[in-house]
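Following the hints, complete the assembly by docking chains B, C, D, E and F onto the known chain A.
There are 6 protein chains.
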Amino acid sequence: MGNTKVLCTASWEPGVPAWRKDSGMGWVTAEYSMLPGSTAPRKSRPRSGHTDSRGLEIQRLIGRTLRAVVDYEKLRENTIVLDCDVIQADGGTRTAAINGSFIALSDAVRYGLKKKFITQNPITQRVAAVSVGLIKGNTVLDLDYNLDSIADVDMNIAMTESGRFVEVQGSAEKTPFSGEQLEQLLNLARRGIKQIFKVYDKALRR
Amino acid sequence: MGNTKVLCTASWEPGVPAWRKDSGMGWVTAEYSMLPGSTAPRKSRPRSGHTDSRGLEIQRLIGRTLRAVVDYEKLRENTIVLDCDVIQADGGTRTAAINGSFIALSDAVRYGLKKKFITQNPITQRVAAVSVGLIKGNTVLDLDYNLDSIADVDMNIAMTESGRFVEVQGSAEKTPFSGEQLEQLLNLARRGIKQIFKVYDKALRR
Amino acid sequence: MGNTKVLCTASWEPGVPAWRKDSGMGWVTAEYSMLPGSTAPRKSRPRSGHTDSRGLEIQRLIGRTLRAVVDYEKLRENTIVLDCDVIQADGGTRTAAINGSFIALSDAVRYGLKKKFITQNPITQRVAAVSVGLIKGNTVLDLDYNLDSIADVDMNIAMTESGRFVEVQGSAEKTPFSGEQLEQLLNLARRGIKQIFKVYDKALRR
Amino acid sequence: MGNTKVLCTASWEPGVPAWRKDSGMGWVTAEYSMLPGSTAPRKSRPRSGHTDSRGLEIQRLIGRTLRAVVDYEKLRENTIVLDCDVIQADGGTRTAAINGSFIALSDAVRYGLKKKFITQNPITQRVAAVSVGLIKGNTVLDLDYNLDSIADVDMNIAMTESGRFVEVQGSAEKTPFSGEQLEQLLNLARRGIKQIFKVYDKALRR
Amino acid sequence: MGNTKVLCTASWEPGVPAWRKDSGMGWVTAEYSMLPGSTAPRKSRPRSGHTDSRGLEIQRLIGRTLRAVVDYEKLRENTIVLDCDVIQADGGTRTAAINGSFIALSDAVRYGLKKKFITQNPITQRVAAVSVGLIKGNTVLDLDYNLDSIADVDMNIAMTESGRFVEVQGSAEKTPFSGEQLEQLLNLARRGIKQIFKVYDKALRR
Amino acid sequence: MGNTKVLCTASWEPGVPAWRKDSGMGWVTAEYSMLPGSTAPRKSRPRSGHTDSRGLEIQRLIGRTLRAVVDYEKLRENTIVLDCDVIQADGGTRTAAINGSFIALSDAVRYGLKKKFITQNPITQRVAAVSVGLIKGNTVLDLDYNLDSIADVDMNIAMTESGRFVEVQGSAEKTPFSGEQLEQLLNLARRGIKQIFKVYDKALRR
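Residue numbers (our numbering), protein chains in the order written: chain A, 964 to 1169; chain B, 964 to 1169; chain C, 964 to 1169; chain D, 964 to 1169; chain E, 964 to 1169; chain F, 964 to 1169.
Just so you know, not all the hints are guaranteed correct.
[Said to hold, decoys possible] Derived SDA-like pairs (lysine to any residue); straight-line CA-CA distance at most 20 Å:
1) A:K1137 with B:R1039
2) F:K1006 with A:N1041
3) C:K1137 with D:I1086
4) C:K1137 with D:S1125
5) C:K968 with C:P1004
6) D:K1137 with C:Q1088
7) B:K1137 with A:E976
8) D:K1137 with C:P1004
9) E:K1137 with F:T1123
10) C:K1137 with D:E1036
11) D:K1137 with C:R1127
12) A:K1137 with B:G1126
13) A:K1137 with B:T1042
14) C:K1137 with D:R1023
15) A:K1137 with B:M988
16) C:K1137 with D:K1137
17) A:K1006 with B:R983
18) C:K1006 with B:D985
19) B:K1137 with A:R1039
Source of the hints: derived by calculation from the structure; they are not laboratory data.
Just chain A, with the same shape it has in the complex:
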């Protein structure tokens, strides 16, 4: 994702949110934030009472994507919190955060198995995300900041290793797109996601 750097940390917390108590099932949630120095010009820290709605939307996306591949019962009544803090932003921070979070989650699961917080791996399958876009009619994979700012269509796709969709989020920033263009974008995303899974292999090997 260009020069984007996102620090992804997974933390085990005993217990689950109040609405899920005594269900025997766990929870996975994510928080996303950009450090002030991650952009130029510097981005002010959120003041009390001001909301960064873009960040909230992204952290909901991260949480939803990961939860789609987690078996809550195997997680027992534990919560895993993924903290995604952007250290350097160059486009694609949300897909970088999903992929980094998946690795952190996998790491946390290993730790939890070792520490006997859980006895079975709750991750049902791997998931990864990429961005694709349309620029002057051409499909482009993994948009960095410069590409993103001129794209007519911006789409984020999260898929499983078996090639099924977990999230499909496409917006026509300028020009609405046809069904055929959508098909092309999805195919390009499929190819990109295969590459991410290869990165996972390296990152998670020990």
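What follows is chains B, C, D, E and F alone, placed relative to chain A:
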């Protein structure tokens, strides 16, 4: 959208946000909120310092969808604010809000032309939205609350009258979906959206 | 109340505020808010950390007025919340909210009796409110926005059906008023309130 | 007002709120707060994002009462802020704050004349406030905390030296009151207010 | 401390913060605030969502200083809250608040012994604070506002009666200071603190 | 500083805070925050309306220390913001943040000279900070988390290369300390700070 009722109001405001000053171009933005009595049990009003991230995500979607069909230059340096207040919630509030907002926006444009705020219609084409979903492998159009809560996949689609996509947002709540299923969902959405445009004809006829 | 429209909703909530726990007695409270599109120009939604002190004052008045005609013991340990959301504002929103809330409360009591939340009607008597004012020395009943903005004295009166006062709130916006003028205003309010009770008869008949 | 102690300070601020700019007219406003140690048990300081609606209602009352006796044009484009901080609370804090603020305002006007901020006294007449109440059918003047907590009706009256009303605020905490009882309460308030004006004479003599 | 006036109130609260529950030990904490009228020009009250970081730093200092001379076990599971509200500010408000708080704490301990909240005096020894500074190379004791604003070094010292340090906080506002200058400042502080203890004798005698 | 890791970023911002406008002088300020994953258990992100007073105190200290070695006139009307984000916390985060910030500031000054924001180096001399403490009567340099939690006295010292003090902040967490012990602590700090300056040499060499 089932028994969902959303009050959509469009307001003209002279001027544009600071970052857009002296561009000669206008802006369209939306705010979305649920009245406390719109759900059972009653939903508390947002307290200072607490954020309703779902609402923020929805209002960003509404604004983005409408802006995709607005010619900012014809709008001149004016802002149109769409307020979407849910009076009764029964699933599909976000698509109801998009469609209601489009009608309010059209109405506001007529008013602006009459009052000479603008001289040309800035709406480039009509846009409408529906939800579709997968329930036990079957595609379903326009999910009400009961359907939504059991759906495996929940998708919101916004399209123009010419059949091109403005927004495609699909999430696998439980089971990831195949490319074929995505195709079926998009086709169903196309049919639903045609019906919405007929409702527009009635609503906007005078 | 002119073209004022206030949506009043009553919700049953089991339990009472912490300071009233285990008293065997219920509670009635109100919240008041103006939708952004209810005024021209549009009224911004309250931001986190900013307080609409006028709205807080009004919701305290609504709650106090209704509580004066409620027998807490018959309500048992339940809370009824009245949500008053102004959809269109043209003066007299606080008296409209009191009267609309009384109707919603009566409706909620019927529902609670039917659902066996309670066994006896906790409403001890009817209460209604009107505004009166002095404009250039003349008394005026039910001030709409135009009248309100030129009034020398603005007074809100809540009375029971037996003609006793529950709330008397008069402010000299410009010119202090004499005891005689106060007497005239109270008499005018008595006549206005009788009319409101007739509206109640129609609204609550089924 | 029993053992109530309120520190009232008036501050001159050049300029007026934005909505009043370039009107040639001034503004008077008040802020009211209770120190944590003013009550037993200790009252927590307002946290960010929590609202003390009682305090907001009182400060609006103080401001309105004082503005009724101020000629804005003679004040020129200046703001006088009255800070009312309750050091010890024993009932009647709102009337104590009005009376203390009137003295502070008078003092500030003298200072402003001396410093040539203004050339004419903008105070048109004196104003003072007392509380009256009904306890078991008897009228009571100046309720301290013990009386206030058992009163059936609680009323705050602000009057000018000429005996005209500026504010009349009465609430039936328990039992609605008749027109005759209202008359008795107003007469008692008239007598109490005469005593306050004598206190003013002493406080403002130099 | 010049014309500085700080109202210091100590309140007993049963129980301790959550993290200290069931430890058998008490807690002492402080809150510091400046009344709006304590400075010229008037200081605005803290708005929701805005933080007065200077005030927070000071209240942490006050709490820490007092806790250094309190035996938590003798205090049992009680909290004493010190409220320091500045009524008039003329430099040295933090040291005035520490000294005033120590007197209020001593007073509260007497009250707690009398009321049998505790059976032994938890204050292990007396503590007092002064400010010292360097102005053009000269050491100065107890800086008022005028001195403070021109000081090159500003230092606050809290000491026990036995001459040991509890807090040493020195900042070079303009010119860094030598070890020798630090020694001179500490000696001056020792002399000043002896005088404060004499004031305590008078204040606490009954 | 043990295993502590603090990310320090310096950003140039044109202009200065409002109170410093048109003075011809610049400003240096710092912000300090701990990432949620920097501690175990995970530290929640600050919610709107809640204040992390420890963090505010630290960022004031960082800013003050750096400003003591900056010539505002050479900085012109520019602001340099230092963001200190703790990635891993193991004691000594405040001194690590000061030292990291000094390096970032030096780096930013080089950049500003190259980009011609300024023409002269505004840093008047180097400054560095260490923590020292007393544990069971023994002086200890550079306390990590384990040492810090058992220390009787905790002191942070910032010094210039010429051996003069910029900040001296010592608190007796448990036992007040003598003048002699203070002298020992200051001597130990002097030795530690010399080592930091050697680290600077390496970090800033290019």
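How the hints compare with the structure:
no.: 1; hint: A:K1137 with B:R1039; result: holds (18 Å)
no.: 2; hint: F:K1006 with A:N1041; result: holds (17 Å)
no.: 3; hint: C:K1137 with D:I1086; result: holds (13 Å)
no.: 4; hint: C:K1137 with D:S1125; result: holds (15 Å)
no.: 5; hint: C:K968 with C:P1004; result: holds (17 Å)
no.: 6; hint: D:K1137 with C:Q1088; result: holds (13 Å)
no.: 7; hint: B:K1137 with A:E976; result: violated (23 Å)
no.: 8; hint: D:K1137 with C:P1004; result: violated (40 Å)
no.: 9; hint: E:K1137 with F:T1123; result: holds (13 Å)
no.: 10; hint: C:K1137 with D:E1036; result: holds (14 Å)
no.: 11; hint: D:K1137 with C:R1127; result: holds (12 Å)
no.: 12; hint: A:K1137 with B:G1126; result: holds (16 Å)
no.: 13; hint: A:K1137 with B:T1042; result: holds (18 Å)
no.: 14; hint: C:K1137 with D:R1023; result: holds (16 Å)
no.: 15; hint: A:K1137 with B:M988; result: holds (15 Å)
no.: 16; hint: C:K1137 with D:K1137; result: violated (32 Å)
no.: 17; hint: A:K1006 with B:R983; result: holds (18 Å)
no.: 18; hint: C:K1006 with B:D985; result: violated (25 Å)
no.: 19; hint: B:K1137 with A:R1039; result: holds (18 Å)
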